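Colleague: For reference, the chains in residue letters:
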Amino acid sequence: MTQSQVLTLHPDRFLGANENIVSIARRLFAETEQLPIISPHGHTNPSWFAENKPFDNASELLLTPDHYIFRMLYSQGISLQQLGMQGTDKSAIADPKSAWCAFAKHYHLFLGTPSRIWLDHVFSTVFGLKEILNEHSAALYYEHINAALQSPKFLPRSLLDRFQIETIATTEGALDSLASHQLLNADGLGKQVITTFRPDDVVDASREDFSGNLEKLAEITGEDTTSWQGYLSALRQRRHFFAQLGATATDHGHPSAQTADLDSGQCQLLLDKCKQGIASAEEQELFRAQMLTQMAAMSIEDGLVMQLHPGSFRNHNASLFSTFGRDKGADIPLAIEYVRALKPLMDKYGNEPNFTLILFTLDESTYARELAPLAGHYPCLKLGPAWWFHDSPEGMLRYRQQTTETAGFYNTVGFNDDTRALLSIPARHDLARRIDAQFLAGWVAQHRLQEDQALDIAKDLAYRLPKQAYKLDTN
Amino acid sequence: MTQSQVLTLHPDRFLGANENIVSIARRLFAETEQLPIISPHGHTNPSWFAENKPFDNASELLLTPDHYIFRMLYSQGISLQQLGMQGTDKSAIADPKSAWCAFAKHYHLFLGTPSRIWLDHVFSTVFGLKEILNEHSAALYYEHINAALQSPKFLPRSLLDRFQIETIATTEGALDSLASHQLLNADGLGKQVITTFRPDDVVDASREDFSGNLEKLAEITGEDTTSWQGYLSALRQRRHFFAQLGATATDHGHPSAQTADLDSGQCQLLLDKCKQGIASAEEQELFRAQMLTQMAAMSIEDGLVMQLHPGSFRNHNASLFSTFGRDKGADIPLAIEYVRALKPLMDKYGNEPNFTLILFTLDESTYARELAPLAGHYPCLKLGPAWWFHDSPEGMLRYRQQTTETAGFYNTVGFNDDTRALLSIPARHDLARRIDAQFLAGWVAQHRLQEDQALDIAKDLAYRLPKQAYKLDTN
Amino acid sequence: MTQSQVLTLHPDRFLGANENIVSIARRLFAETEQLPIISPHGHTNPSWFAENKPFDNASELLLTPDHYIFRMLYSQGISLQQLGMQGTDKSAIADPKSAWCAFAKHYHLFLGTPSRIWLDHVFSTVFGLKEILNEHSAALYYEHINAALQSPKFLPRSLLDRFQIETIATTEGALDSLASHQLLNADGLGKQVITTFRPDDVVDASREDFSGNLEKLAEITGEDTTSWQGYLSALRQRRHFFAQLGATATDHGHPSAQTADLDSGQCQLLLDKCKQGIASAEEQELFRAQMLTQMAAMSIEDGLVMQLHPGSFRNHNASLFSTFGRDKGADIPLAIEYVRALKPLMDKYGNEPNFTLILFTLDESTYARELAPLAGHYPCLKLGPAWWFHDSPEGMLRYRQQTTETAGFYNTVGFNDDTRALLSIPARHDLARRIDAQFLAGWVAQHRLQEDQALDIAKDLAYRLPKQAYKLDTN
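Chains as they are written, first to last, in this note's numbering: chain C, 1 to 475; chain G, 1 to 475; chain H, 1 to 475.
Don't read these hints as lab results, they were simulated from the structure. Don't take each hint at face value.
Computed from the model, here is a short list of chain H residues facing chain C with C-beta under 10 Å [said to hold, decoys possible]: (1) A148; (2) E337; (3) D347; (4) G442.
Here the structure is a predicted model, which means the values were calculated and not measured. A virtual CB, placed ideally from N, CA and C, is assigned to each residue, including glycine.
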């Protein structure tokens, strides 16, 4: 094997590009590397842990569910059918092994991307592979991974323990029965695997299933969801149900950060129009805006931490969406505004002591301009970590460089892996801890922090802050 | 004392993170470190220098006037009352010593912020303190600082000399009597402490006191400020008065950078509506826009350098504003546009040889996109330094990285401290000079500048450019 | 000579600021330094190569055609007349030698700019000059350069070979006769110097000459350009003509990235209004938007690669424009939006296999937010290199830092010099290859890439990707 065909993870990777910084970063990382993983925001499937069955094969585990991976292949002309994904057009698709080989053949496309970093970490540390993935090693990989997946140590619950995952949160819609979480609870895993309340399906009237969802919400709760007060009571009830099954947080994925503060008469009129499917795009936006304020009010009552993930243009590729549906790698960030958008909510609840709103962004120009000044002032606001496209080495460095000087470290909440790719969770936390070590070491090297201060911060970012911000310390 | 409890300022701090750069930066900084301070834009209180009385105590000197500090404490749930600040609600407040202790206990929140850098510099170099501030050293700090403040070498005029401040500009509203500056003039300090003409109070019709201010302006000047020509004459008169007391510049704090070029009939109509309080928000904006163009016209007549500080959403926290008033750490930057906004003013005066307009921004995305290209073309335009939230190590580096390649160094104006915190002025200039040394050293290290070129630039940025841009060399 | 007066190009320039990175970058650059130059997008004058006559003098070669240079001088109060440029006001102008001396005297203004880097490279490597340009060396430079220009090795075709330019594309308007390219073709240089189809003059109805241009287009093609179908046929014909003379690409310089998908009835109505000069600004914008979609359709037919260069506010300085015309250094970038703007075009052709659209930007905030996610998904989209103001060391680093993690290296197209300054072409490619070497070395140093992977990427960026993206490999 020539050098580039050997798969190795250098112990100093991502700790810096000069020895002065690396030597400090190495000491910092040594103290955070082994800390348990807190994963307070993610999208793994709770049935994996509830049922604890083996995963099928390499492609269905690592390739087809991961839009980071197939979007890149698609951008270079590889069809989703070649990757084994079935669309509504029923055209022929590759079998899982052929799909895996197509991926392997184009693995060089991922050089420089975080997907490559995570995958190499998975291949090396989880599966013990020694060669780089390419068209020559594709078959070996496929067989090796499939074989491993049948062994007990690759069962989902075993992986949780092997990965030292102290707490992992999944995300469920408001109508979810939480059956898996009930099973987990019964098995004594209710603190290790918790849910998160994500009510977009009953709040976003631009969805085609909105009206039906309100009817289901009425059935589940026994409330009249056509009345504003009944609708709110139903939501309150669902939040309570989620909290009983471990939820400490809610999550809201909105096109914008717009909030509103309307009177209940206006709210009833909006709800009526939304329910009847006659609301304009502006009215749907206003309804979502109002609902963020209502969710804040309920958070103050029930203590659930609120998360806002705005600013993605979902399903931008119309023909791909019509054939393959949602989450196919065609969600594109938009420029976003927080200062005016959040004012109605801040005017109402910005100074409430028992309220936490964690803000995320896909528009990095808001880090230093809007988000750090907002979080550096309002007691309720905290900054979520670098999100999605920006959850990468350069992206995480920019996040720290652009938020820390105004917001400090203590208005941030540590790392979120935000993933449905279970196997990549240790890789992602490993990378985040390395990048924080590099960043802090750079400041120690220029005498901006003392090393013991940096060490405290590193441990806080890796472990203490996420527990605290998501109220997992009192869990 | 363990390491983290010793307060030390490393001689190489902020000069770089590898020895290659630090060794060059050290040589550059050695040549700028001792240069006198030019402070052409700031907000110290001129009565301090006019009256030359001792400051009261640590809290009232360092804590309660500094919105950088109390906003961070507030963001972590510490109330302004706990910091000794009295609101209109008349609730009980902490005494100055308790306030100081609350601050000290949370001093770790400032790790990574420029406030921490400036404060540690003040504690160490101005007060000679040897321990880091924390809850244990809080009382020692409080007593030590208070005692020091009573000694003659801590009188405001002594500090000016001790800090080697060659010129400092304060900022006064258009209606100010400049009594302090008259006293300073009489005492022979009229060149060391100068004023700046800031007419927002008589130009911004969104202020509740605008109409009353126009009446006061009429009284002071004997002009009819209800007539457009009388209003302009009154402003011209006040500019002359300020210039006689040392002003070489005007300053304009507007929500946007919008300018306009209306005919005098339109101007009279707008003035009428603004005066009567019936102008819409758009009309108020148009009036401010027109007034920027008028101020430019007067600058061409009287030679005062014009400064524009746009893009802050002031007093974003409504309840804090109603209880505690302005400047309570809730000013949040907005995305801003310069290219279209400045066109009317540039069309009229952009090529005038006797005109300087210094632009500032809180939206860093405009550095490379709009500001550097504008300043790299228009003879009248110069770029002010990294402002407010961005006056920090990473912020100043981004400013140089993003403006220099298009605007060069010589379309910038050196450093502004922009502070009301007198004691921090040397700390701020020290930091700015270190960061410029680091930046220039990085370019020398990659053979982009020769070291003697970098040295000339370093000295220009620290001393010659601010004198020249603000016309202090002909002062 | 003191150090700063010696003109030297350090062999390690722009390879990094610490030895760890420089030593790797040196090895990478050694493998790309000598690769032939592919220049697929530029603005040299094809008549230079067709006629192969000597250039006139230093000023007319290097100074007056280069808006990067005279805009900086203008920004510091040097008039265009002092630089020898004649306006419509017929005021007296400096002779070429005086103009050169004015430039030389202010050469320090360019410290830190890419113009300085390129010029020093030209002075040193092309002309063999040993002293830095300044007022003392001005005359020596002027005589030396003028003398050199008369020698055969400075003839345009000699320079092409000396510079190892394998392919260079010029840019011509839709009405151009391509006379020079016909001559070049006859001389066997038709593959080395190719044209690019730039139809802005017959697509942008905001131009004062638009209606006349449509009439000329009708004359040239024999089509009825007042009919929508005739107009499209005429464009198709011209594209074919350009392709026959070597064009592999089209280029579109629009104020925004807006696209549209109208029916042919709407198109005919818009064309009518535009032709008659009665279209509103919005209708002109909509017409341009529609024409981008039409050009994409034709690209799918004829295989020409499409390039979009949006987001410049052209001729911002009104008085300079009225006296000196276009391209006088007063084009200023604007904030720009791609996600919504490109949707109509992407909905129609985004998944076409035989379509390439290369996107450029002047708004760096779109790199990570919009462009990398778009290019990392759509098969037709590729990212052009850092453009214009951002074609600089820091700008190119930001481009890689902000695009690579989402788009990878293989959704980019290598370097474009985009220049009309023939002599600076090797300087620009040299700089781009050095910066890519530095960037890649930084990632090797932190064990993010293996060195052999970085080497492959470096060679791809320097040579293979531009050939492939612009279809020059099948040329």
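Colleague: Confirm or reject each hint.
Modeller: Here is how each hint holds up against the structure:
Interface hint status for H:A148: violated, as the beta-carbon distance to the closest one in chain C is roughly 42 Å, over 10 Å. Because the smallest distance between the Cβ of H:E337 and any Cβ of chain C comes to about 7 Å, under 10 Å, the interface hint for this residue holds. For H:D347, the shortest C-beta to C-beta distance to chain C is roughly 5 Å, which falls under 10 Å, so the interface hint holds. For H:G442, the interface hint holds, since its Cβ comes within 10 Å of a Cβ in chain C; the closest pair sits about 5 Å apart.
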